[in-house]
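Assemble the complex: chain A is given as a structure, and chain B must be docked to it using the hints.
2 protein chains.
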Amino acid sequence: MNKNITDVKGFKCWGAHTGVKSMKRDLAIIYSEVPCVAAATYTLNKVVAEPLKLTKKHLLNRRAQVLICNAGNANACTGKQGMRGAVAMAKTAAKMLNLPVEDVIIASTGLIGEPFPTEDIVGGIKENIPKLTSRGEAGSFVANAILTTDTFAKEGFVNLTLDKKDVSMAGIAKGSGMIHPNMGTMLAFIVSDVNIEGTLLDETVRECVRDSFNLITIDGDTSTNDMAAVMCNGMAGNDKIDSKDHPSYQPFKEKLLELMLHLAKLIVSDGEGASKFIQYTVKNARNEKTARKLVRAISSSILVKTAMFGRDPNWGRIICACGNAGVHFNYKKADLFIGDPNNQVKVLEKGKPQPYDRNFIKKLLREAHIHVVLDLHSGDAEVIGYGSDLTTDYVLFNSVYTT
Amino acid sequence: MNKNITDVKGFKCWGAHTGVKSMKRDLAIIYSEVPCVAAATYTLNKVVAEPLKLTKKHLLNRRAQVLICNAGNANACTGKQGMRGAVAMAKTAAKMLNLPVEDVIIASTGLIGEPFPTEDIVGGIKENIPKLTSRGEAGSFVANAILTTDTFAKEGFVNLTLDKKDVSMAGIAKGSGMIHPNMGTMLAFIVSDVNIEGTLLDETVRECVRDSFNLITIDGDTSTNDMAAVMCNGMAGNDKIDSKDHPSYQPFKEKLLELMLHLAKLIVSDGEGASKFIQYTVKNARNEKTARKLVRAISSSILVKTAMFGRDPNWGRIICACGNAGVHFNYKKADLFIGDPNNQVKVLEKGKPQPYDRNFIKKLLREAHIHVVLDLHSGDAEVIGYGSDLTTDYVLFNSVYTT
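Line by line, the protein sequences are chains A and B. Under this note's numbering, read the first sequence as residues 136 to 538, first letter to last. Under this note's numbering, read the second sequence as residues 136 to 538, first letter to last.
Chain A with its partners taken away, still in its complex shape:
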């Protein structure tokens, strides 16, 4: 079996069914035997769900020991009733585990604006905290308990050796609708036994989220509940990573980014109704900001996304999307390639359409994984982003979500 959260030293978890969702698990609990340093990034939507407001406050001290997430009700636009529910969740867990309430991270996902079913969820917490375990199956239960419209659970595990100590990291995520860059992302929870200083972890999480979850897009909307949280309990016993110059820092950061990127790609693969996974590379841009904005503009354009669904090498839409990105863009310098790296077709050279075999390129676009590479010949910045196509299934699915 693949390793999961339960294989990280000191962590236990459980995923249970409280009844908020009719059939599936809807309550996730992740617990560390000892206090962790913790950091999180949050949605940039101006409408912020109640649990995120609470978690932001709790994480001011960069410390946490347990994370509780319910699925089925987002506890967003629920006002005081919702905030009371989030507080009740935290208090219940803190009391049962004998922790300060500030050491509890709360998250929610599901429908916006429904009254929050505090009683069911608090009851579920009471019933399930005693079930916390490091048995392997609990890792799968907790990964499933945070899902909503996802079609599969998203899990990842990486490890490395620091100071001859084995250091592990495991994570779970949920995605599906409303995935977009430039946000605190959808839900992703990562735990590690690495020994690291809190403010450094905070900064590192921000940078890794920027280079992973913030480079994916499904439908261009940012939800009220998006959050990525990382908890590190130090039980691996490595020499504490206390600065970017520490010899363990880069190896740790690379692994964290690898794990986040793995989860981010799983989210794109499971985008609502998506039939294709598309990797967009913008290279040799004048600077990173320009490359990021272009990746985002192309991957978010619904005209590009529908063309991908239709296996249509419509480079005009890609160039047009770049022109709308709000950054400097000179198409006359741009080369554009479609296909995978071993089977690339150059469709534009210095802005000029190139002759290509239309049947061959349509064959390339039939693949489930498509590469689009835009070479700007204007500098040396490169950014890679990931997106899905826009399908008739997506529209059908999203036209009937609440009803």
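Just so you know, these hints were derived from the structure itself, not from any lab. Certain hints may be false.
Below, simulated DSBU-like cross-link-like pairs (lysine-lysine); rule was C-alpha separation at most 30 Å, straight line [what the hints assert, rightly or not]:
#	chain 1	residue 1	chain 2	residue 2
1	A	Lys215	B	Lys467
2	B	Lys481	B	Lys424
3	A	Lys485	B	Lys481
Cβ-Cβ distance ranges computed for the label pairs, FRET-style [unchecked claim]:
#	chain 1	residue 1	chain 2	residue 2	range
4	B	Lys498	A	Lys498	46 to 54 Å
5	A	Arg270	B	Lys487	42 to 50 Å
6	A	Ser410	B	Lys498	43 to 51 Å
7	B	Gln216	A	Asn478	28 to 36 Å
8	B	Gly145	A	Asp475	24 to 32 Å
9	A	Asp377	B	Asp346	52 to 60 Å
10	B	Met158	A	Lys498	25 to 33 Å
11	B	Ser157	A	Arg493	55 to 63 Å
12	B	Asn422	A	Glu338	35 to 43 Å
13	B	Arg501	A	Glu254	32 to 40 Å
14	B	Lys498	A	Glu168	38 to 46 Å
15	B	Asn422	A	Gly214	41 to 49 Å
16	A	Asn478	B	Glu168	54 to 62 Å
Backbone N, C-alpha and C fix where the C-beta goes; we use that ideal spot for every residue, glycine too.
Frame of chain A; chain B shown alone:
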């Protein structure tokens, strides 16, 4: 028959088939017997089609006498070959009509990045300029000659009396895909016999475009070719409108806005694959900029658009879209209404969900014309925008456009 461009004093036009499009008319010519003051707004896309670059230069003197537009080839991303084509169009028309080349407005619409078929189009201009006429049917021909994926021609006519003189305005437009606010808009050509000063016309056109074409959205992309041009030949003989304080200014501006709004709504009605026309009102906002950004965010959200297609009163998506608008937004002050003004249902009051009859609201959402009203109770600014739903037909249609 409805009045059209040929009913405006001094204007003639013609719409012809040059062969760039296989079956339909694809060349539009609008001509005034005397020189006009003229103004235009253009796409904000960084990739600007060649004809727009030329027209911008030509209109520096705010004067024009003929407008030529071809459909089927956008003359965008065509580089020097394309610019030579646009210049050839202007020179051909100028020579035949004995005008300075700067008095020619050039526009194009169609596929991006295909070599420009200069010879066909120049041949078409030569053949069809002699056919310019003020006979009524030419108005319909010219309205049809600028279309691409539109399913019907978009025309409008308004008139008013200024200084006891009859003043007329007529316009044609094309839309369909790639319609979005905050741009120089898709194609709209308006002619009038009003007597007005050039710089004042320029400013007025900008303001009216902002309050009409820039408040509509279909799919959030802005094309390389969008342009709205207005030509006024002064033949109505009214006292020249030379300032905003002139007694004729407001009546004239109101009529111009009425005509633009009429054309803008026709464009939304004919949005690719759209099944619904949705009017979004944001009222009592703290200022106009906030209201505009909120209208745009809601009407562009593909989650809101798919909900409208699915007749789903998913107010959570509307609130979430507002949170992503990048402006101050306090949902706790917001009332939200769905339905038409005579049959409104309040779904949110001060951010709190209100009980409503789900079957009744689903019936309201079955209408082809839907009203969404967001009352922010935060000031007195109001902006109304227009959008379409996102349908499975849209996706199917756009997945096979070039192929």
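Non-conforming hints, listed in increasing numerical order
Failing hints, ascending: 3, 6, 8, 11, 14, 15.
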